[in-house]
Structures are given as structure tokens and as C-alpha cells.
Amino acid sequence: MAKYALAKHNLIVSRWPEPNKANSSKAKDFERIMVLVSQIRALNSDLGLAKPKLVYKQNLLLHQNAALIARLAKVGSLEQVEQGRGLQVPSAEFDLWVDTDAATISSYRAAIERKHYEAGEYLRRLQDELANPSYRKHAPAELVKETEERTQQAQQALKSLDEQIRRIAA
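Each step along the sequence shown adds one to the number in numbering that gives the first Met the number 0, with nothing skipped, and position 66 is 65.
Just so you know, the hints here were simulated from the structure itself, not pulled from any lab data. This structure is a prediction, so every number in the text was calculated from the model and none was measured. Don't take each hint at face value.
[Unchecked claim] Using 20 Å as the maximum straight-line C-alpha spacing, the simulated EDC-like pairs for lysine to aspartate or glutamate come out as follows: (1) K158 / E147; (2) K114 / D45; (3) K56 / D100; (4) K73 / D45; (5) K158 / D45; (6) K136 / E147; (7) K114 / D161; (8) K50 / E17; (9) K52 / E78; (10) K73 / E112; (11) K158 / E117; (12) K27 / E92; (13) K158 / E112; (14) K56 / E78; (15) K50 / E112.
Let's have the full structure, built from the sequences with the hints guiding it.
Structure, rendered in C-alpha cells:
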């Protein structure tokens, strides 16, 4: 009369659970959605919009995941349209726009152009510093290296702002 008779479902004799097989296609699609959601949130933050409507040209991934994207991006809705309108979301692979008025777009463009000017001035100062032979000769090597890194970062920021201005103008 064993007190602990082995039963069919005792944990101690159960098989270890097998992990579910991942669907790499769905994982890649979700990564694309995560990048898009980040872009939408950043743009909405810059525009100061709460729960805007997004419109997109025909896209199966957007269509199938519209509710998820709307919830994660904190937007009002996603609607499929024939022709985009508003401000295009900076995504290389999706034709997606924040449905907003011309005044909001104009204000946003002016803000981006101000940032572009400031970034250009900052980059010019860094380049002037690096072009100064006295700075390179007398400054500690770590400081010169840091200035070179900041110059590269400023160039990338300026390139990103150029792309945003180009996208707004399109």
C-alpha cells in the first residue's frame, strides 16, 4: 500500500514540455510592426497629436494588423485609402500617413527646418574645432576622438533631418 502511487499525471514522471516552434515569417512581420509603431509614436509626439487617424494604401500586413497597430501606436484608427493624405510616416516600406491638416504639417516643417539649421550650426562648430591645428595638437587625444564622434553623430542627425524635410515636401 504505497502512499504515493505513480499516477499518469504526476509532475515527477511527466515529460518536459516541448517548446512551440516559432514561425519566423510571423516574427519578422511583428518586428516590422514594432519598428513602424515606434515611427508612428515619434511622429505623433513631434506633431503633438492625440489619437490621430492613420491612412494607408493597400498593404496586407497593415490591413491584417490594423487593430494591433492602432492599439500599440495609440492612434484612433487605420483606414485603407486609394490616395494618401496628410503627413507621411517615415517608413521605407509602408505607404502610411497621419491624416492631419495643412497647418499642422506647415508648423511641423518649420520646426524641422529650425532643428536642421541648429544641427547645421552645431556641425559647423565641431568641424571648425577639428580643423584647428592647435586644437588637434594641444587637446587630449580622448577629447579629439570625442569631438570626431560628435561630428559623425551630428552628420547623421543632419542627414535624418534632410530626409524628414524631403518627405514632408513630397
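Okay, the hints, checked on the actual structure:
Between K158 and E147, the direct Cα distance comes to roughly 17 Å. Compliance with the 20 Å bound is thereby established for this hinted pair. The straight-line distance between the Cα atoms of K114 and D45 is roughly 12 Å, inside the 20 Å bound, and the hint therefore holds. With a C-alpha separation of about 19 Å, the suggested pair K56 and D100 falls inside the 20 Å cut-off, and the hint holds. A threshold of 20 Å between alpha carbons decides the hint, and for K73 with D45 the separation of about 14 Å falls inside it, so the pair holds.
Distance hint between K158 and D45 is fulfilled; the C-alpha atoms sit about 18 Å from each other, no more than 20 Å. For the suggested pair K136 and E147, the alpha carbons sit about 14 Å apart, so the restraint of at most 20 Å is met. For the proposed pair K114 and D161, the alpha carbon gap of about 10 Å is at most 20 Å, so the pair holds. For the hint linking K50 to E17, the alpha-carbon distance of about 41 Å lies beyond 20 Å, and the restraint is violated.
Simply put, K52 and E78 have alpha-carbon atoms about 8 Å apart, close enough for the 20 Å limit, and the pair holds. For a cut-off of 20 Å, the pair hint linking K73 to E112 is broken: about 27 Å separates their Cα positions. For a cut-off of 20 Å, the pair hint linking K158 to E117 stands: about 13 Å separates their Cα positions. Note on K27 and E92: the hinted pairing holds, with a Cα-Cα distance of about 13 Å set against a maximum of 20 Å.
For a cut-off of 20 Å, the pair hint linking K158 to E112 stands: about 12 Å separates their Cα positions. The suggested pairing of K56 with E78 holds, with an alpha-carbon distance near 9 Å, which does not exceed 20 Å. For the suggested pair K50 and E112, the alpha carbons sit about 25 Å apart, so the restraint of at most 20 Å is broken.
The earlier numbered hints that this structure contradicts are 8, 10, 15.
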